[in-house]
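Participant: What follows is the residue order along each chain.
Protein chains: 2
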Amino acid sequence: MPADSRIAQIAHSESPSPPLTERQEARRRRILHASAQLASRGGFDAVQMREVAESSQVALGTLYRYFPSKVHLLVATMQDQLEHMHGTLRKKPPSGETPAERVAETLMRAFRALQREPHLADAMVRALTFADRSVSPEVDQVSRQTTAIILDAMGLTDPTPAQLSAVRVIGHTWHSALITWLSGRASIAQVKIDIETVCRLIDLPSTSD
Amino acid sequence: MPADSRIAQIAHSESPSPPLTERQEARRRRILHASAQLASRGGFDAVQMREVAESSQVALGTLYRYFPSKVHLLVATMQDQLEHMHGTLRKKPPSGETPAERVAETLMRAFRALQREPHLADAMVRALTFADRSVSPEVDQVSRQTTAIILDAMGLTDPTPAQLSAVRVIGHTWHSALITWLSGRASIAQVKIDIETVCRLIDLPSTSD
DNA sequence: GGCTAATCTAGAACAAGTTACAGACTTGAT
DNA sequence: ATCAAGTCTGTAACTTGTTCTAGATTAGCC
Chain A
1 MPADSRIAQI
11 AHSESPSPPL
21 TERQEARRRR
31 ILHASAQLAS
41 RGGFDAVQMR
51 EVAESSQVAL
61 GTLYRYFPSK
71 VHLLVATMQD
81 QLEHMHGTLR
91 KKPPSGETPA
101 ERVAETLMRA
111 FRALQREPHL
121 ADAMVRALTF
131 ADRSVSPEVD
141 QVSRQTTAII
151 LDAMGLTDPT
161 PAQLSAVRVI
171 GHTWHSALIT
181 WLSGRASIAQ
191 VKIDIETVCR
201 LIDLPSTSD
Chain B
1 MPADSRIAQI
11 AHSESPSPPL
21 TERQEARRRR
31 ILHASAQLAS
41 RGGFDAVQMR
51 EVAESSQVAL
61 GTLYRYFPSK
71 VHLLVATMQD
81 QLEHMHGTLR
91 KKPPSGETPA
101 ERVAETLMRA
111 FRALQREPHL
121 ADAMVRALTF
131 ADRSVSPEVD
141 QVSRQTTAII
151 LDAMGLTDPT
161 PAQLSAVRVI
171 GHTWHSALIT
181 WLSGRASIAQ
191 VKIDIETVCR
201 LIDLPSTSD
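Line by line, the protein sequences give chains A and B.
First residue of the first sequence? That's 1 in this note's numbering, and the numbers climb one at a time after it.
First residue of the second sequence? That's 1 in this note's numbering, and the numbers climb one at a time after it.
Fair warning: there could be bad hints in the mix.
[To be verified] Sample of chain B residues lacking proximity to chain A, with all beta carbon distances greater than 12 Å (derived):
{"hint": "1", "residue": "20"}
{"hint": "2", "residue": "37"}
{"hint": "3", "residue": "64"}
{"hint": "4", "residue": "65"}
{"hint": "5", "residue": "114"}
[Said to hold, decoys possible] Below 30 Å or equal to it, Euclidean Cα-Cα: the simulated DSS-like pairs (lysine-lysine) are:
{"hint": "6", "chain 1": "A", "residue 1": "91", "chain 2": "A", "residue 2": "192"}
{"hint": "7", "chain 1": "A", "residue 1": "192", "chain 2": "A", "residue 2": "92"}
{"hint": "8", "chain 1": "B", "residue 1": "192", "chain 2": "B", "residue 2": "91"}
{"hint": "9", "chain 1": "A", "residue 1": "70", "chain 2": "B", "residue 2": "70"}
{"hint": "10", "chain 1": "A", "residue 1": "192", "chain 2": "B", "residue 2": "192"}
{"hint": "11", "chain 1": "B", "residue 1": "92", "chain 2": "B", "residue 2": "192"}
Don't read these hints as lab results, they were simulated from the structure.
Every residue, glycine too, gets a C-beta built ideally from N, C-alpha and C.
Full structure from sequences and hints, please.
Facilitator: Okay, here's the thing in structure tokens:
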């Protein structure tokens, strides 16, 4: 069997892969840091694999061993940032009365954070939606993380299927609205309205049948 | 002034550009046809510019004069297909009682059409969400077309702002759900549920304030 | 028909993602 | 300390999107 590509899967404790050594963990961090930094400068296009490699002091081949494609790298970068954001959001829970208000508040807070680094947001979101099947596990992980953030904001531990569907739809809207904003086709105000609109789904009485 | 790139804008009667000659119109059709054909075979990756050029019997440079990038080409392909689909949908209007039902029915019908050519759908949708600012006008046109289809299904001629926002959110959900299906992260059943869920927004009493 | 500007063709050249490979370095087991 | 297996490095090659160029063709106009 080829000795290759065992590291790539380790990232998000899925399978029982051998743990990374300290130096490997450090390499991985350097790479993610370089990726985020380059992305912050010029978005998706500015994250060039050769530059990431150089800037994180790693050979190109090594970079590819850790992240098997540019999209993998950027999705991993997003996971990283999302974790960070989830932590931040936890500290100051939303203050709204209803679940819908709290979710909208949380998403708008996240949105404002992204506005501070629009290029980074661009790189991550474009990678996410451009990802093909080979990145599905990683993208799915991002979805779960997003779902967790929304459920957190709702204050629910045990959602019904109808609520889960509403949460998925909110996630859809969130990503897609973000894209329209990033590509200059929607204003911040419009994104806000759309988020508030979709959040009303939460307070809806669940369907019967 | 550079004589270049006047053709590219003509596609969707926006500015008063000189009309295409017959042979040019034919070239344009050949290119779009080749693009759709290659996309049907293997999705986004299978649409290779050199192949499109060869297959439509046009020089590479000419291809780029008509469509300034691969994404432009695929978005134009989508416009083309959408027009076709809008025509088809018009012929058999949805039968549901409420606007929400009719919209859901229409979208599911469109979804079934896409399922017949999943690779083509993949190529078009990936291009659409990957498009950067330079493609905004074209992407926007696709959005308008989608909006028109949804409004048509609702049977509305003069929507309120709240309804427009609901329609936008439905469009977001539609695109994003499509992507999750195309990349194998959601089942057809799940897409159906999400569409039905978001369509409930339509029948909601409009917000005051 | 002949002129001029615009367009088209063929093909080379360039850019960035990805792969391949030979040799140096680490790691873990003995 | 030594050996084998696995990793990392540096570099070249390959692929596909995109750009460039020189020469042929076409379209509109006299």
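Participant: Which earlier hints can't be squared with this structure?
Facilitator: none
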